[in-house]
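Line order of the protein sequences matches chains V and C.
8 is the number of the first residue of the first sequence in the working numbering; add one for each residue after it.
1089 is the number of the first residue of the second sequence in the working numbering; add one for each residue after it.
You may find that some hints are simply not true.
[As the list claims (entries may be wrong)] With beta-carbon atoms standing in for the labels, derived distance ranges:
1) C/A1282 / V/E245: 49 to 59 Å
2) V/P304 / C/G1455: 53 to 63 Å
3) V/A133 / C/A1303: 33 to 43 Å
4) C/M1310 / V/E292: 31 to 41 Å
[Stated by the list, open to error] A few chain C residues that don't get close to chain V, going by computed Cβ distances all over 12 Å:
5) Q1243
6) K1334
7) Q1364
[Said to hold, decoys possible] Far from chain V, some chain C residues (derived; all Cβ distances over 12 Å):
8) L1199
9) Q1231
10) G1378
Don't read these hints as lab results, they were simulated from the structure.
This structure is a prediction, so every number in the text was calculated from the model and none was measured.
Idealized CB from N, CA, C, for every residue including glycine.
For reference, the chains in residue letters:
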Amino acid sequence: MNVAISPAVAVRELILPGGCPLHLVERHGPAILSAKLWMRGGSSADAAGARGSAQLLAGVLSRGCGTLSGDALADLVEGCGAGLRCEAAEDGTLISLKCASSDAETLLPLLLQMVNAPWLVDDQIALERQLNLQTLQRQKEDPFQLAHDQLRGLLYGHGPYGHDPLGVDEELCHVQRSHLQTVASQLGGSGAVMVLAGRIPEQVEEMLLKDNAGLQTHTPIRQAGPSGTDGSAFASAEDDTEQLVLMLGATTTPLGTPQALALRLLHCHLGVGMSSRLFVALREEHGLAYDVGVHHPARLGDAPFVFHLSSSSERAAEAMQQLLTEWQRLLEQPISQSDLDLALAKFRGQEALGRQTSSQIADRHALVLGHGLPFDFADRCLEQAKQLTPQDLQQAAQQLLKQPSLSLCGPASAIKAAEAVWQTSFFSR
Amino acid sequence: MEGTTNVYSLTPLPGSSLFSLPEPQHNSLTNGVKLVEIDLPEAPVVCLDLWCCAGSAWESREESGLAHFLEHMVFKGSAKLESGQFDLHVEALGGNSNAATGFDDVHYHVLIPPEASADALELLLDLVLQPRLDPQDFAMERQVVLEELAQSEDQPEEVAFQELLRQACGNHAYGLPILGRRDALEAHRPEQMAAFHQRRYRSDRCCLAIAGPLAGLHLQPMLNASPLGRLQPSESTASLEPLQLKAGSTRLELPRLEAARLLMAWQLPGAADQDQVMGGDLLTTLLAEGRRSRLVERLRERLRLVESIDLDLNVLEAGCLVLLEAVCEAEHLPAVKREVHQVLLELQDTAPTESELLRARRLVGNGYRFSLEVAGSVAAMVGNSALWGRQHNLEQPLTWLEQWDATRLTQDLIPLLHPERAFTLEAVPA
């Protein structure tokens, strides 16, 4: 007995003119349509000196395209009560549309028009750039963000994953229209995929291709993404907070590699749910934190694998010690078979619960297809995961997690106490 | 602005004919506990959602933080269940559980495969209604709650909102932190918590919502003999004190703040009047949802004074709260305040146009329909309504929404958002 994974009613695959694969996932249920256009690139493809370009471009794409001004576009989308978002992440730029199926004819043509014929008006670029710069500034209020930014620096240096997708302020402020035009002309050049899920209208292809000739692109191929830096490193930032934020992390492996699945199960074991190892050890047994968990996003390159928690300053040393103990345990001993079974159940449960809405379904398929993985990749993983042993998980940990880096953010005294524990640890030697 | 006028005629409002909404079935146990079931045949899981009128607003001054602390303690085990056993059981089946404490109420919810839902229901009722409250667990969990408090105090934005509510709501419970005062948390004893539980978790104050593929489950028969069916009715009929938000303004210097904030709070009619709630939703959407809403268009898109501006409707029993947040540079605060006032004053004088209303109505209607895709949010919606004695079906809010027009908004709700009725807090970096 387990959470059932609801099968799609029907899946069709087409190729749009120009080469963009289109997957149509037909579902029963409410007349809602979700569309995702995933184009490889994203912030990891930002040019040196222009970090933040991909996100800036993404923001400007919906500020005028084809025959529609930014205002007209907003009127059209909001007038249908729809949601249209365009965002750059590390590995790609994603355009998302969610609407009532009855509005598909009005809204679907926008997806490719935004990519093929964006206006890129100077005035709108200036606005979007100013908003991104302000967001970068405001994010510094959050000690988790500070610790996370600092850890990203330790793990990826000045590499493609080394900056926030929003950019770096001193570079973003100089990004001009001419550069965005170049970046826009390259959209789709490294591969793209479109997934529609929900109640799919008749003649969906015609709708997508209205007033444009498709997207010049190709199916995303398997290809190694950016890698991380080597070795353990330490960084701290003083902040006048009550708590100390601790982040212990390493760069690991891309989605779809043999050890990625073992790592995903370790993620479930350590950080998913109230029965997870970190939750039980740090919160239930020691009361050291409210929020504790694992951050391990899917990436085309070496994905980060991070333990995070925040604990009162006076308990910084104890929190540091416990976090290190849990990390080291992964290297030194295999988890039990019953823990592995629990991790498998969570992995499966997460898959099922992550496929409840049309948006979730479109999003998950777009992500794996964008990584050059097969449409049914997630289902294959569920099968393959059953074959993994505790030893497989330990081996993955020994290979990928042997040299974690530490990022601290909080009061000076707490940093000092935690750093002292780190200095005597196995990893800092 | 091309294309703006003919858009609406191309796209008719999605009516109920497109797909019919599932129908909630209302019942009650012999002791008066409310039960609402809603069949969602396509959902992969069943959501069990137990609601109780036991939010922080029901605490005495000494009990500050106890409602939320109790919600934590529930997961530390019951007479039958060891600490953590419930989570383990649910998560080993691929499900999950969580809980949330608000001002008015608290709820505990589980997502679980249908075949396991009877077991999970039995465990959930035992856990929530017969908590163990072990003194050692109590001391440990107090640390966790204090860490939660510290974590929120390290976010200056949360500190600013808390201060806004404190000053705007006066002595009302909505002005006090749900997490509680630190001194009170440090003084709490398990016996006090048991007394609070005993007083608030009563048959007339509980509601169980079940949403998901219900065919063949027959969960109802077991309920009368369960701890839920054995609950006694309450002895007194305490009711929430009506909110009386006071107008005013204050300024706050906050360390670690990177951008200034303009926060404003207004009061709208309480949740009992769901028709007014839908009107409030429509009005706040018209004003601040999307680039073409009045506030976003003027302050972010045209004048470029703010990084963001949001207007949220918080649906509460003793009076809904509309909260505005504008994020801006400190030197722009006076202009931001002036422009927000201007927009709201213009609204008092000139009724919303038909196209503005259509836009807002479709955004609210679709947002509502989109939220019905997930069993968890359906259960929460019908569970919360039934808890407070509202038995309308899922279609009804959409009907109310359709009935709001410019005249009614202008008469009933727009005057309530007059700048002079607001409490305003300006927060600047220290």
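Numbers of the earlier hints that this structure fails to satisfy, in rising order: 1, 2, 3, 5, 8, 9, 10
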